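Undergrad: Protein sequence lines correspond, in order, to chains X and D.
What the first sequence shows, in our numbering, is residues 104 to 391, in sequence order.
What the second sequence shows, in our numbering, is residues 4 to 169, in sequence order.
Because the hints were derived from the structure by calculation, they are not lab data.
You may find that some hints are simply not true.
[Claimed, not checked] Calculated cross-link-like contacts (lysine to aspartate or glutamate; reagent style EDC-like; alpha-carbon spacing at most 20 Å):
1. X/Lys145 <-> D/Asp46
2. X/Lys164 <-> D/Asp46
3. X/Lys292 <-> D/Glu128
4. X/Lys145 <-> X/Glu199
5. X/Lys290 <-> X/Asp362
6. X/Lys290 <-> X/Glu162
Since the model is a prediction, treat every value here as computed from it, not as a measurement.
Residue-level listing of the chains:
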Amino acid sequence: MIPGSFEYHRPANLSEAVALLGQLDSDARVIAGGHSLIPMMKLRLATPTHLVDLAGVAELKGVRLEGGEIVIGAMTTQHEIIGSELLAQHAPILRETAEVIADPQVRYVGTIGGNVANGDPGNDMPALMMTLDATCVLRGANGERRVAARDYYLSPYETAAEPGEVLAAVRFPVPPQGHGWAYEKLKRKVGDYATAAAAVILTVSSGKIASCAIGLTNVGGTALFAADAAASVIGTALDKPTLARAAAAATTIAEPAADGRGSAEYRAKMAGVMTARALTRAFARAKS
Amino acid sequence: MSLTNVSMTINGKSMSAAVEPRTLLIHYLRENLGLTGAHIGCDTSHCGACTVDVDGRSVKSCTMFAVQAAGANVLTIEGMAGADGALSALQEGFREMHGLQCGYCTPGMIIRAHRLLQENPNPSESEIRIGISGNLCRCTGYQNIVRAIQYAAAKMAGLEFKEAAE
């Protein structure tokens, strides 16, 4: 399969990349790892006339702590996220999630920025960013703009980013010490998108859940923030009726399509099952 | 569409060819440079038969444009044996442990296993299986591929691998 023709650009910094996008026509696309875009181009489902490769933009790389927040540059690869000591120490859910994305080869090249910005409801990082209450940092011709991950996704492949804007980083508050965390992903095989998946971050105080956030992957037109499911476990010690209630609340907001992974009813049910499993593991990991 | 001269270091040698930006790395290697060791299997980023090593990363070369790898240091299966033709530990492992049948996946398996052992010289069986989970083999059931990689890990550590092939 041969993609359509395009012109290739390799800017050396973000300002140059943004300027290029402003000059080129509207069929110009940014390419990060390319592991969503290139397969689409090979199928001619995407036919950009220009590709602006961000691989040479060093300022988009790396993970750092900044004033109580973790900042992950958009061009940081899944492989680098898995290997990050800083994330392992402060937000290990990033590693647990990255480890179930695609396969080793894809993780060497695929980036968190691509995963977040693409707007594919099958991507795993959007639900996680919602759960962490992350902020998407966008750079455009008019400078920097920040959009909450919970407001970023509008419909499949449609995000709050305007044409010409580049996702530069995601940033989120460092989760509290002793927090519980889990990403549960049901998939048919390595490399598959989720049949359903759930991300959970919670804190426990005196044996009871004090705070909780839940995000769902691939059971709707966008990743979903499961506010009701999370609220239903606050103040509990996660007994069986509570788990069942949280699972039901997650299933209620799921609107998956029927596909090779199962019927819509099954996949919505699995959103609940993944939520219950992730809650159980996160609760066990949390320190009171 | 205009051609771009794309150069990279492949198996220690500087090589270049004039290609279109849309030329995939696997086509650049196979068609422009005649390096046909890396195979095109699925052509959809799944099977790993086209895996080559690009700047220390295992990469599916059907999912990277040659221009993206310009200036990179690339290792393909052609670069695994010594200059005198002596097999690398991994190649020897695949031969001794019967790690291949039809051989189609083998170049990708070996290049991927090479990077795996560089990063983790003493992997557990589970780490090997996860490490090669982006490479599909439709003949062997993976058992002997895992043994071949264990054989190579042992040999590279100066140990003898005692388990027999099935």
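Undergrad: Now tell me if each hint is right for this structure.
TA: Here's how the hints hold up against the structure:
1. X/Lys145 <-> D/Asp46: holds (9 Å)
2. X/Lys164 <-> D/Asp46: Between X/Lys164 and D/Asp46 the Cα gap is close to 29 Å, so the pair fails against 20 Å, i.e. violated.
3. X/Lys292 <-> D/Glu128: holds (19 Å)
4. X/Lys145 <-> X/Glu199: Distance of about 30 Å is beyond 20 Å: violated.
5. X/Lys290 <-> X/Asp362: Holds, because 13 Å separates the two Cα atoms, which is no more than 20 Å.
6. X/Lys290 <-> X/Glu162: Cα-Cα ~34 Å, so violated.
Checked against the numbered hints given earlier, this structure breaks hints 2, 4, 6; the rest are met.
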